[in-house]
Amino acid sequence: LVAAANKQDRFLLLDDPTIPEPDIDVAIHPIFSASNFINATPQIYESLQQSLRFASMFLEHDSVLEWFVSPLLGLPLLDSETSKSYLSDPLTGKSPGERRELIRRVRKAFECLAHSVHFQFITDKEVKFYARTTLHSFQPVHYWDFFQDHFSTSSLCERLRVDFSLGVGLVHELCHAVGVMRRGNLIEPHVRLTHIDKPEFGYAWENFMFGGIINPFDRTATRLSFLMRKVWADDSKVYPAGGKEWSAVPMSYVARWFRKETWSTIAEHGPTAIPQPTFHLKLRCHEKKGYTIFADDEQAISHVKALKRA
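Under full-length UniProt numbering, residue 310 is the last one in the sequence shown; the count climbs by one each step, no gaps.
Just to be clear, a hint being listed does not mean it is correct.
SDA-like mimics (lysine to any residue), calculated; alpha carbons at most 25 Å apart, straight line [as the list claims (entries may be wrong)]:
| no. | residue 1 | residue 2 |
| --- | --- | --- |
| 1 | Lys94 | Lys230 |
| 2 | Lys230 | His286 |
| 3 | Lys260 | Glu46 |
| 4 | Lys282 | Val304 |
| 5 | Lys7 | Leu156 |
| 6 | Lys237 | Arg223 |
| 7 | Lys237 | Arg192 |
Across the chosen pairs, the derived CB separations fall in these ranges [unchecked claim]:
| no. | residue 1 | residue 2 | range |
| --- | --- | --- | --- |
| 8 | Pro20 | His150 | 19 to 25 Å |
| 9 | Pro30 | Lys289 | 47 to 53 Å |
| 10 | Pro275 | Asp23 | 15 to 21 Å |
| 11 | Asp23 | Pro277 | 38 to 44 Å |
| 12 | Lys260 | Lys288 | 43 to 49 Å |
None of these hints come from the bench; they were simulated from the model. Please read all numbers here as calculations on a predicted model, not as lab measurements. Think of the CB as a built atom: it goes at the ideal place given N, C-alpha and C, for glycine as much as any other residue.
Generate the whole structure from the sequences, applying the supplied hints.
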């Protein structure tokens, strides 16, 4: 449905000739050093440079690192009304100097984690763009085929989608690794009491950064398709309210995250200062009732109707 609506890439989900070249040039964080990538050849590691610089940006600024204060330093609490286990927020009521000290401890924790985390490409034939964390090994990412066979022939926009997805996936899994370092197990509390019923450190961080969860539309294909964003919410609440909704992410939004001016804004004001894009194409899943597609382009809807008639 989404592919039909985006016929000839009318919503610029796959390619946008107007986007600027990436210009982020931050040093790659030690946690992403070549020695931590178990089975990446020198050639593949070289291809990862832009993605690793992007991932390193999430570990660069205080305004982003503050998210990790609770997972690393918060005290476990139990809410008597909901029985939810959650973490206290050590930043509450702190002076600017005290906040800087807490974030300094977060930076130090990532330096320590760099000595005990390893990344490994999994050459799975079914799922291509996926990641997971285990207690004894850290296993992103089914991007092997792309970097092995297609990186050199890919377009700028395709590389940006891969670099975005991989960079976010790496830090998503680091959120889980931080929890393992703190607790010694994979059983996670809620970062905040107000978070959804099923605790998930990685999604909580993505929601903090992007206001939702962004994934490839098709995670089984070797070449990365366009990206879709969904609201992070409990299924038990979204389906009665009309259904779960995904929004197609334009390339201009993806490209924005690889620019210095974006990160300068984040450094000063935090990630919420980055505006959401205009979503021209949305897909809604209704419980047991299939999907509905929405677009602000009548021709796009006509192509979807033609597909249904066929």
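### Query
Which of the listed hints are broken here?
1, 6 and 11
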